[in-house]
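Order-wise, the sequence lines are chains B and R.
To convert a position in the first sequence, counted from 1, into the numbering used here, add 4.
To convert a position in the second sequence, counted from 1, into the numbering used here, add 4.
Derived from the structure by calculation, the hints contain no laboratory data.
For every residue, glycine included, the Cβ atom is placed at its ideal position computed from N, Cα and C.
Mixed in with the good hints there might be a few duds.
As the list claims (entries may be wrong) - Taking lysine to aspartate or glutamate pairs in the EDC-like style, the calculated list, with each CA pair at most 20 angstroms apart, reads:
#	chain 1	residue 1	chain 2	residue 2
1	R	Lys330	B	Asp333
2	R	Lys312	B	Glu179
3	B	Lys330	R	Glu179
4	B	Lys410	R	Asp152
5	B	Lys267	R	Asp172
6	B	Lys312	R	Glu196
7	B	Lys330	R	Asp195
8	B	Lys257	R	Asp195
9	B	Lys312	R	Asp195
10	R	Lys330	B	Glu328
11	R	Lys257	B	Glu328
12	R	Lys330	B	Glu196
13	R	Lys330	B	Asp195
14	R	Lys312	B	Asp333
15	R	Lys594	B	Asp152
16	R	Lys267	B	Asp333
17	B	Lys594	R	Asp152
18	B	Lys267	R	Glu196
19	B	Lys596	R	Asp172
20	R	Lys267	B	Glu328
To be verified - Covered, in the sense of this in silico footprint (three residues per stretch, anywhere, with C-beta under 8 angstroms from a C-beta of chain B), are these stretches of chain R:
#	region
21	197-209
22	308-315
23	344-355
24	423-433
Number of protein chains: 2
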Amino acid sequence: MTTKAKTKKRVSACTINFEPVGRRGGCQKNESLLACARQLGVGISSICGGQGTCHACKVQVISGSVSKPTPNEYKTFTAQELKEGWRLACQTYPTSDCKLNVPAESMTTPQRLQVEGLEAKVSPEPPTHAYHLKMKAPSLSAPQADADRLLNTLNQRHKLQCTRVDIDVLRIISERLRSWKWECQAIVRNDEVIAILPPKSHQLGLAIDLGTTKIAGYLMNLNNGRTLAAKGAMNPQISYGEDIVSRINRVIKSPDEGVLLQKLAVQAINELCSDLCAEAGGKPEEIVEAVVVGNTAMHHLFLHLPVKQLALSPFVPAVSRALEVKARDLGLSIAHGAYVHLLPNIAGFVGADHVAMLLATEVMQTERPIVALDIGTNTEISLVSNGEVTTVSCASGPAFEGGHIKYGMRAATGAIERLRIDDDKIQYQTIDGAPPVGICGSGILDALSQLYLAKVIDESGRIMNRHPRVRNYQGQHEFILVSREERKGKPAITITQHDVRELQLAKAAIRSGIQVLLEACGCAEDDIKQVIIAGAFGTYIDISSAVAIGMLPPLPLNRFRQVGNAAGMGAKLALISRASRAEARVITSKVKYIELASVPNFQATFVQASYLGRYRIKDGRREKLNHGD
Amino acid sequence: MTTKAKTKKRVSACTINFEPVGRRGGCQKNESLLACARQLGVGISSICGGQGTCHACKVQVISGSVSKPTPNEYKTFTAQELKEGWRLACQTYPTSDCKLNVPAESMTTPQRLQVEGLEAKVSPEPPTHAYHLKMKAPSLSAPQADADRLLNTLNQRHKLQCTRVDIDVLRIISERLRSWKWECQAIVRNDEVIAILPPKSHQLGLAIDLGTTKIAGYLMNLNNGRTLAAKGAMNPQISYGEDIVSRINRVIKSPDEGVLLQKLAVQAINELCSDLCAEAGGKPEEIVEAVVVGNTAMHHLFLHLPVKQLALSPFVPAVSRALEVKARDLGLSIAHGAYVHLLPNIAGFVGADHVAMLLATEVMQTERPIVALDIGTNTEISLVSNGEVTTVSCASGPAFEGGHIKYGMRAATGAIERLRIDDDKIQYQTIDGAPPVGICGSGILDALSQLYLAKVIDESGRIMNRHPRVRNYQGQHEFILVSREERKGKPAITITQHDVRELQLAKAAIRSGIQVLLEACGCAEDDIKQVIIAGAFGTYIDISSAVAIGMLPPLPLNRFRQVGNAAGMGAKLALISRASRAEARVITSKVKYIELASVPNFQATFVQASYLGRYRIKDGRREKLNHGD
């Protein structure tokens, strides 16, 4: 009976979506959220074994209905928290499909977040400058106001022409100068004192790459340009929409959501900022400048700018040029009068993160054509040649983030990240070597390529029914990567026909984008000197897999360069160097943006690009290549 | 029995202080706050006759304890309002001494608030400029961002070099430009677009004189410099301290009070602003620039700057120079990116309101000496001669605002404002001709002068016991201005020996301040070409009374000039003219401030100045003058 119960097929009463890890699956009747998470391999912490006493399994119900709070939960949460959906996963039973936010502190292992990338090569020339000051204390015969005393000392000693002190600095100046015995560092930006710090403090800067899914943060020493700490975090907006279009739609429907999404991003950055400071032994109030890059939608959501016009043709940003905004106007907790610099956007779907990537990869210095792309839900691609930049934006969709893929998930513990098929044997590697729970982007790409090379899938993407691991399940073919037996009774991890179609759409978007650029610039594929692949997903993929399925053009592998988080690197450059900011403006001014919707025959190109295999596209036709070509 | 009860002496159980009208007095046992107000002549509205049903008598208990709320009050107020001390005066019985805030809407008649003054004579040259713009709508072939489109059009059409759009303007730009069909007015300030308005809107400005007691507001048309509306309001901070020192002390004790006081001032200005707009047919979002003047403490409280160092020797402001702050950083609800300009302060106790007064009265254009003073709780006095300004600040105290005077009150309905003594007959005039309930500043000054001229008081300030209206009451002499019979059974209104001493201190402060200035500049009294008296109190006083008691020097009356609210006028000038702002900076730079505490022999001068009568002070000695001198 017990054995029978254990092995009987699970009947899913409802589907639970665990964010930000991106794992979703069925939850049986009378199964708690914690039990469901365990079944799906989502590592939610639990110390007390589901008694509701350790409070380690806190989750937030974003949508869907669940059982009423238990007395334990009433003790654990405030009324406000309960109202916001906070619950203990072990005490809560879903009564409908649910979307949950599992905060980092409730996870047993952190998600893999890429922050590494190129290292900076510019000499520091930040927009802020720290001046050491020593003043005389005021007296009845010299009762000059505190701020005037500071400005006069500053201007006289250092031959400056400062005229302003930030209002928030004025609010603390009297107490601080007295407690520091009239000695301080004044941080000057243009003609304004934006911060005062104790005599021997650091002058720190914060660079942020605000991605749709992940946030990368870098704490820099502005004096020497060195990176003091780097850290990633999930973008908590994910719980309110996995891709930017769904977030924009929420904001269009309810303006309050715009306020919420802005707050979530800022809270996450503030937390990241505290963590970075703790790691490097600095203080958030020593951060006197910040640079934030992101795609245009993230840029707008972060600044709480209007997004409706971004989502409607002709897809116009509220603003493209570089901005400088007081950090406090955004809710960022750094130095009192510090500014946030935002690099310029290129278009509605090509943002400052792409500019930052072009800046970091120094593509402008080359003569021969370079293709630079950052693969994500939206993939921006530039072809740079002779200092001219042509850019497209492709809707590559969430497949590479694990979205719309049956066993897809983000790069977290237990995700299959590498995969080889050797006849009927499957070899795979999971993140942290944990038992497999799903498959993340790089694994999905490998799977597609291996299935194609093993002739399980034909060039049109159809799964053939001649491999022992192919089965027909719920009306479609699927390929079993890890069987129920291999998972000790848990459901098999498979790649379905539907998954393959999703991946074809994604890879066709990228390949056809490259093709449009080549045709617009009159280049042949072979002319491409280098293909620069930036971003987390781009770092982990096997390039040969990407070429094998025709996502990338069939060039020698040594022409590909995986550069990691180049957008973050560009943010760092812009943070420490005014010259880099000027360079970013120059890059933006040289960009010719092509709206794919307006390209003739784009659909035909897209259809060709959806085929698997190594091929060239010429005059709208596919030329298949042999392995040696 | 009934008659006996009516005429029996009132036994005051506790003292109630009604603010902002400034009337205080005893409350009998079992007497409601409304009944007490009526006894004291404070005009609180009541329609239902004390049944608790009309809700016209709302008051706020600031300190002290009162009876528990009645069911009627639970129905009238929210829990939060009750927590904040809001009550119905007719339902509430004090159980200790109390301080109440009676809001304007609960008063039967408004308080007299002076807003009139000199009229502007400068040609408008405001710091903002409105440009009319017509743009093309974006398209797929011209998908330029909204803000970039606006800036480019602006810079090309009007040959400008604008580089910035305020972040709050960016937040509305997309929706507004579309709803206005790509036509708008852009309000430009330096290189920044601070507002966008519909094609045919006004460009308005707001000038505020933020007094310790009263706030005067002016709505101006920035294009032609005309005053569209003027209005006064009480400063709601009064309920939290009548004078600046007590407010500063509250903030020093509890920083939260600083937040509260700032909010109160801003709320009052926002309400004033709405009223002014309603009167003139404008909208707060059309107000694209504001100027605020006030004394240094009010300036600091309004900006939420530190005040502790203001209260301690050497009495140093946090900042003196002129400031420009985004209105939103202060909570002011005007145009999205509008700035508030704050004129410079001179010293800890000589603020921007004094600079504004010097600006408005054009004293810098004269060669012969001019004395300019603004009488208040603190009286700032400048002696201007040959373009040099010497300034002192005198602690004249609250006596002229009715403070520390037994029957003193502010200038509201029923206050005695003029008074003549003709033997044993008293003639007086009350505000609005209402039955007398107390005596306000100008009446107090008249009373002192008349009592001195009638020889009821000698030159040392002693009340002599030979006038029929002098009585000994509770251990001191007092002079009966209005008897119990004349008040139909209500307590007599009197001037006590203690009142006279308070007035002597107040008037000595002013006279000795003038004396210090004359000595510092080597001037004789007769050299003074003009004495300019600004401010509400100064407008209503009888100059001859002020001269008779020796508060002002014995000059011919035609050398005195009462200019009304000159500080408000100065604020208006600074609002509409950049040249006036520059002039204010020049004035401030020319001021030599003398700290009275550091003047040798100041005490001796002060003692001489406390005597009543017409006299000159020379070498620390008083020279009495005959009436003809």
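Structure versus earlier hints - violations, ascending order = 3, 4, 6, 8, 9, 11, 14, 18, 19, 20, 21, 24
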